[in-house]
Amino acid sequence: MSRAHDKQGSPEMGRDMRRVARGLSAFALALMLGGFVLALVTAPRPLDPRAFDLTARGQRLMLYGLVALCLLPAVRVLTAGAHYAAARRLAQAVVALVVLLELIVSIVTGG
Amino acid sequence: MSLLLALFTTGTLAGTVGALLGLGGGIFLVPALTLVFHLPVRLAVGTSLVSVIATSAGVAASAREESGADVTLGLRLEIATAAGAVIGGLVAGLVSADWISILFAAVVFATAAYTLAKSLGGSADEAMYASDYTPRRWVAGSGTAGLAGMVSGLLGVGGGFIKVPTMYAVMGVPLGIATATSNFMVGITAAASVFVYIGRGDVHPFIAVPTVAGVFLGAVSGTLLQSRLKVGWLRWGLIVLLVAIGVQMLLRGLAGGT
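Protein chains in written order, with the numbering used here: chain W, 1 to 111; chain D, 1 to 258.
Among the hints, a few may not be true.
To be verified - Not the full set, but computed from the structure, chain W residues with beta-carbon under 10 Å of chain D: (1) A21; (2) S25; (3) L29; (4) F36; (5) L71; (6) L72; (7) R76; (8) V77.
Don't read these hints as lab results, they were simulated from the structure. The beta carbon of each residue, even a glycine, is placed where N, CA and C say it ideally should be.
Hey, can you work out the whole structure from these sequences and the hints?
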């Protein structure tokens with residue numbers, strides 16, 4: 001391995017990191033936009049952009065999407081120099097955490 | 001609905017220009033949200049921090065080649081930068097909004113000067129990405145990186161205009177690698193402080209989501225356009241725009257009542 005690769009990570013690692021970044025970004029964006037559309041459809045009119053109701057599923061999904069996006073850099077740090085399988089597992093853990101959280105909140109709030 | 005569409009468009013423009021010029025979209029987004037949409041400055045900063053993360057994610061996901069970032073250097077400096085970002089985020093909740101506007105104006109002027117220096121510096125060459133280097137003066141480098149983090153957490157910008165010159169001039173890192181490493185660090189720094197803003201209620205999903213979606217789209221298209229466009233002329237236009245934004249933010253801060 002050349003000194004440049006030693007310092008900067010191999011091109012394979014760079015590709016792996018991008019695959020994980022792509023997958024998690026797509027998940028976060030899908031949650032944000034899906035939640036956004038759902039919230040727009042179900043929010044009371046006139047819409048107040050600063051009002052936020054965590055008991056509404058659409059608005060909750062938006063927040064999950066934002067938090068998942070904000071967790072992406074943490075995944076990148078934790079998987080820097082790691083193999084693709086480890087990075088993928090961590091990204092899957094974030095997805096599982098969001099799904100589990102939504103399940104719990106749905107059961108607790110009954111909606 | 002028109003407000004949400006306007007936020008999306010603003011985010012797209014900020015993300016595209018930010019990615020084209022290697023700046024975070026935050027330097028345009030905070031002034032746009034405060035001066036055009038009349039949002040409170042802390043809300044603008046919170047939204048901008050999420051957008052900085054989106055820009056970083058968009059660039060990371062769409063970059064075609066190895067970025068050249070020194071990941072080890074980036075992660076070591078990030079310890080100080082992330083700590084600074086959390087402190088900056090906490091301080092933002094204590095200082096007045098007018099002071100944040102004035103500080104933001106100072107950062108905008110510094111970014112204009114940095115962009116001007118980059119424009120005059122010429123194009124990339126082999127020495128910019130030389131691998132035969134050893135980072136030195138870690139204490140000074142980490143201290144300045146901590147300051148950059150504080151600026152990022154306080155004002156919602158990436159802080160590359162502090163980190164890149166520090167890595168290059170103080171730590172002896174080649175300019176190309178310093179820039180790539182700074183880009184790698186930006187999203188991590190923003191993520192460290194954004195949770196302070198989310199916890200304080202300074203991130204409103206209805207405002208953040210359309211803006212962030214726009215910034216993400218802009219960052220991806222800006223990265224793809226970067227190799228096809230000559231951005232030299234754009235830099236000069238941007239410098240003028242930055243000076244105008246800085247003056248507006250300064251006047252807003254001095255006038256009070258933000």
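Does the CB of R76 of chain W sit less than 10 Å away from some CB of chain D?
-> Holds, about 7 Å.
Answer holds if the nearest beta-carbon of chain D is closer than 10 Å to that of F36 of chain W; otherwise answer violated.
-> OK, holds: F36 of chain W within 10 Å of chain D, min 5 Å.
Taking 10 Å as the limit, does the beta-carbon of L72 of chain W come near enough to a beta-carbon in chain D?
-> Because about 5 Å separates L72 of chain W from the closest Cβ in chain D, which is inside the 10 Å limit, the hint holds.
Satisfaction of the V77 of chain W interface hint, Cβ to chain D closer than 10 Å = Result: holds, 6 Å to nearest chain D Cβ.
With a cut-off of 10 Å, does the beta carbon of L71 of chain W approach a beta carbon of chain D closely enough for the hint to hold?
-> Holds, because the Cβ-Cβ distance from L71 of chain W to chain D comes to roughly 7 Å (cut-off 10 Å).
Per-residue hint verdict: S25 of chain W, partner chain D, C-beta under 10 Å | holds (5 Å)
Is the interface hint for A21 of chain W satisfied, with its Cβ closer than 10 Å to some Cβ of chain D?
-> holds (4 Å)
May I ask you to test the interface hint for L29 of chain W with respect to chain D, counting a Cβ-Cβ separation under 10 Å as satisfied?
-> holds (6 Å)
Checked against the numbered hints listed earlier, the structure breaks none of them; every hint is satisfied.
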